[in-house]
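S.K.: Just so you know, the sequences run in chain order L and B.
The numbering of the first sequence is my numbering, which starts it at 123 and goes up by one.
The numbering of the second sequence is my numbering, which starts it at 27 and goes up by one.
Some clues are possibly wrong.
Reference excerpt, derived from the structure (chain B facing chain L, CB under 7 Å, subset only) [said to hold, decoys possible]: (1) N36; (2) T53; (3) K85; (4) I89; (5) T90; (6) E97; (7) Y100; (8) V124; (9) Y128; (10) E165; (11) E172; (12) I175; (13) V312; (14) Y327; (15) A388; (16) D391.
For the record, the hints were derived by calculation from the structure and aren't laboratory data.
Being a predicted model, the structure only gives us computed values, none of them experimental.
Glycine included, each C-beta is placed from N, C-alpha and C at the ideal position.
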Amino acid sequence: MEYKRIKNERLDEEILCGVHKSGLRVYIIPKRGFNKYYAVYGTEYGSMNTSFIAAGESEETVVPDGTAHFLEHKMFEQPDGRNAFDLFSETGASSNAFTSFDVTAYLFTCTDRFYENLDILLSFVNDPYYTVENVAKEQGIIGQEIKMYDDDPSWRVYFNMLGAMFRNNPVKIDIAGTVESISHITPELLYKCHKQFYNPANMLLVMVGDIDPAEAEKYIDKYVKPEFNVGRPERVMPPEPEKIVTDFTEQRLSVSSPMFFIGFKEKKTGMRGRELLEKEIETDILLEVLFGKSSDFYISLYNEGLIDSSFGKDCEIEPDYGFSAVSGESDDPQRVFELVKERVRAAADSGVDMSVAERVKKVMLGRYLRGFNDIEGIGNAFMRDFIGGINPLDYAEVLESVGEAELNERLREHFDADNCTLSVIRPIE
Amino acid sequence: MEARELKTYNLDKGINARLIPSEKFKTNLLSLCFNIPLERETITFASLLGQVLKSGCAKYPTITDVSKRLEQLYGAAQSFSTRKKGNSLELIFSYNFVAERYVGEDTLRGAAELMRNMIFEPYLEDGAFSAEYVSREKENLRRAIESLINDKKEYAQAKCVENMFRGDPYGIFDYGYVEDLDKINEKNLYEYYLDVINNSRADIFFSGPMDEEAALGVIKSEIGSRLAPRDAEYAKTFAAKERGGVLRVTEPVQASQSKLCMGLTCRCTDIYALLLATSIFGGSPVSKLFLNVREKLSLAYYAAARVETKKKFMLISSGIETDKFDEAFNEIMAQLECMKTGKIDDFETEAAKKYMKTAYDAVKDNQRGVEDFYLSKIIEGSSVTIDEQLQGILNVSKEDVVRAARGIELDTVFFLKGEMK
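Could you put together the complete structure from these sequences and hints?
M.R.: Structure follows, in structure tokens:
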């Protein structure tokens with residue numbers, strides 16, 4: 123396998139990128155001096171992929187909400203009745219998996235015997251084993267997990283916001299589904315999803331640490347067969363209007379004071395590569411300029427007691443969906459919502475203060491550099507970037523290049539005071 | 027022999043600089059730590075102090091000014107917090123910032139100056155803290171204390187500890203207490219502050235890429251010079267007392283799920299055996315609790331155990347269906363019995379050892395993890411390194427594990443009972 127080497131001298135970091143003969147995309151990020159190794163094996167398949175056209179079929183397949191997450195849980199079970207966790211425990215690795223909106227990933231961290239662990243990882247993810255019995259058992263375990271999320275105010279306030287923001291986009295679907303939806307999952311369905319989405323054309327492998335590319339390739343050859351490649355299944359995404367569904371949603375749960383999320387919906391989809399990275403960086407800069415700790419907005423709300431140190435902001439700008447959000451706890455979330463809208467309107471009128479933006483860019487450079495301390499963090503963040511067609515080592519350069527015109531344009535297009543929503547969790551009375 | 031990763035320089039009586047040089051990180055971590063005894067009378071003062079100091083200093087009087095300065099330092103992360111360590115409390119003021127070589131600026135000098143400004147030159151009005159800042163942060167702390175209930179898992183654990191350790195300072199809730207807030211004002215908080223910085227044991231940690239001599243110079247001139255010599259010792263931790271019975275407490279909560287927490291006392295003095303026993307019992311995804319209570323019987327979504335070796339205290343934490351209380355409780359106790367009677371397979375011991383090796387090696391890749399490990403050791407009066415502690419655990423035999431397990435007794439059962447109206 124040929125690797126292309128991307129280097130950044132200033133950061134003293136590099137990435138090796140290659141495509142295995144099966145079609146699997148492979149990335150190695152050499153980190154020397156660290157004890158840890160990390161590998162993450164991901165498929166571009168998440169909770170939002172509930173509808174697709176399988177390779178060789180013409181009819182659309184619609185699966186129950188929560189199927190991707192269910193499949194993730196079931197992957198660990200082996201035909202001999204063992205659990206992949208047991209295999210990792212024999213080598214001392216710690217392993218896990220996660221399902222997000224658009225990715226399911228299997229990962230391990232270890233400090234030695236990296237290739238044995240890689241062997242286990244590639245083996246179990248490519249070896250599905252589903253039976254009526256083990257599916258039924260999992261329905262019980264995941265049912266518990268769903269109930270835990272139902273009680274979790276910080277999870278609910280977030281998903282209620284997505285529901286208020288997106289009319290059709292399946293990003294609004296709870297990742298684990300519902301007790302009812304997962305009751306329709308069968309072994310046949312899981313096998314079909316595995317074949318379609320867990321095929322090399324749809325997957326990538328990211329390895330971080332002092333890794334020998336040739337040695338790693340032996341294990342890829344062993345488990346990832348070219349004949350598994352059935353092409354990428356066609357995702358069916360319903361059309362999504364620019365407009366949000368409703369500007370307010372509320373639920374009561376056992377919390378001490380109200381929690382809120384205020385969301386701005388991304389209007390553009392289908393962005394990739396450098397454009398996607400630019401939009402993400404611009405949005406991050408703007409969130410910091412508008413609502414950051416050094417802003418007049420923050421201090422005036424903080425002094426008034428409207429927000430506290432739980433106040434935060436974040437954005438997710440992805441090819442298939444995007445939004446940014448400010449969140450926190452407040453006794454008067456409505457008032458915070460009004461002030462947030464006032465803030466973005468005033469900023470749109472006056473334009474971005476570039477002296478503030480330049481300071482914020484320093485903060486973001488520091489945050490980016492700090493990220494390289496974290497082996498797992500790099501693996502996960504870079505996997506996201508690779509999926510979006512982004513070269514993660516471009517970050518500092520793109521950050522530097524963002525100017526006043528781009529920021530003002532982004533401010534007016536993304537932070538639309540007439541198209542944002544407030545989600546609140548109130549205490550039970 | 028390999029050089030020890032922690033290098034200690036005594037700056038004055040009761041004051042030490044602790045350097046942990048490492049080239050692999052892109053950031054430095056600078057922390058000033060004060061050690062005080064856990065006390066019911068002062069805990070809320072301690073919890074509030076960091077928040078008030080964070081609000082501003084003489085040079086940067088407002089949060090906005092401080093934030094701007096942090097932003098200029100490439101988004102240095104400022105964290106003022108408290109951490110319970112056995113029967114003592116550490117007040118930790120730290121700055122995490124990008125190392126000089128990646129930005130071409132003397133970021134250590136910048137951060138150390140800011141630390142000096144923030145900790146030793148606070149923003150004062152009429153010889154005390156700002157009344158406005160204190161009242162604002164009291165309100166924030168009240169909210170933070172009350173919001174503990176938002177995280178039911180954390181809440182149940184805290185309540186279990188509180189119930190088990192009534193009459194022992196270890197049971198004190200480290201965020202402090204809402205009912206204390208009325209007594210605190212800008213004057214008595216300032217007096218408390220002076221007492222802490224002038225009289226408690228002080229450690230200054232610095233880790234990451236560095237020129238040791240230059241770093242020590244900056245630390246001495248910016249921080250060390252502001253600390254007068256002191257007599258204080260580290261607060262002592264005493265082992266949990268055995269109750270000779272079981273305390274059962276149930277508290278209702280509006281939630282669909284319940285949390286079962288159990289506090290146990292540990293008699294074993296071999297801390298390595300105790301750590302390994304805890305790992306086999308409930309410290310990993312291959313532990314008895316995880317595999318039996320969660321996986322095999324589907325009685326819980328999570329079930330885990332951890333141990334505080336100095337305090338001789340084990341906490342078991344699980345999330346269960348309300349009507350599964352008896353089954354889950356009985357299964358947890360049955361698994362503990364297996365530990366005591368030696369029903370432990372070799373692969374379980376081996377898996378736990380490997381799991382711990384990975385965990386300790388991983389600590390070395392985390393700046394805050396390394397700092398925290400050594401801070402704990404220093405308080406305990408131990409000079410053991412991370413590798414030595416790991417080796418100690420790897421040398422533990424199954425017999426040692428069983429002996430450690432036999433000294434574990436159930437003390438408190440706290441049930442946060444979910445009820446939906």
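S.K.: If a hint holds in the structure, say so; if it doesn't, say that too.
M.R.: Status of each hint after checking the structure:
1. Contact between N36 (chain B) and chain L, as hinted, is not supported at the beta carbon level, the nearest pair being about 29 Å apart and thus beyond 7 Å.
2. Contact between T53 (chain B) and chain L, as hinted, is supported at the beta carbon level, the nearest pair being about 5 Å apart and thus within 7 Å.
3. The interface hint given for K85 (chain B) is violated, since its Cβ lies 15 Å from the closest Cβ of chain L, which is over the 7 Å cut-off.
4. Evaluation of the I89 (chain B) hint against chain L yields a held restraint, the C-beta minimum of about 6 Å falling below 7 Å.
5. Using the Cβ-Cβ criterion of 7 Å, the hint placing T90 (chain B) at the interface with chain L is satisfied: the shortest such distance is roughly 5 Å.
6. Nearest Cβ of chain L to the Cβ of E97 (chain B): about 5 Å, under the 7 Å cut. The hint holds.
7. Given hint, Y100 (chain B) at the interface with chain L, holds; its Cβ is 3 Å from that chain's nearest Cβ, closer than 7 Å.
8. Because the smallest distance between the Cβ of V124 (chain B) and any Cβ of chain L comes to about 5 Å, under 7 Å, the interface hint for this residue holds.
9. A hinted interface residue such as Y128 (chain B) counts as satisfied when its beta carbon comes closer than 7 Å to some beta carbon of chain L; here the least separation is about 5 Å, so the hint holds.
10. With a least beta-carbon distance of about 6 Å to chain L, the hint placing E165 (chain B) at the interface is held under the 7 Å criterion.
11. For E172 (chain B), the suggested interface contact is upheld, since its CB lies about 4 Å from the closest CB of chain L, less than 7 Å.
12. Because the closest C-beta pair between I175 (chain B) and chain L is about 5 Å apart, less than 7 Å, the hint holds.
13. Contact between V312 (chain B) and chain L, as hinted, is supported at the beta carbon level, the nearest pair being about 4 Å apart and thus within 7 Å.
14. With a cut of 7 Å, the hint placing Y327 (chain B) at the interface with chain L holds, because the nearest CB-to-CB distance is about 4 Å.
15. The interface hint given for A388 (chain B) holds, since its Cβ lies 6 Å from the closest Cβ of chain L, which is under the 7 Å cut-off.
16. Annotation: interface hint on D391 (chain B) holds; nearest CB of chain L at approximately 5 Å, less than 7 Å.
Violation of the numbered hints given earlier is confined to hints 1 and 3; the remaining hints are satisfied by the structure.
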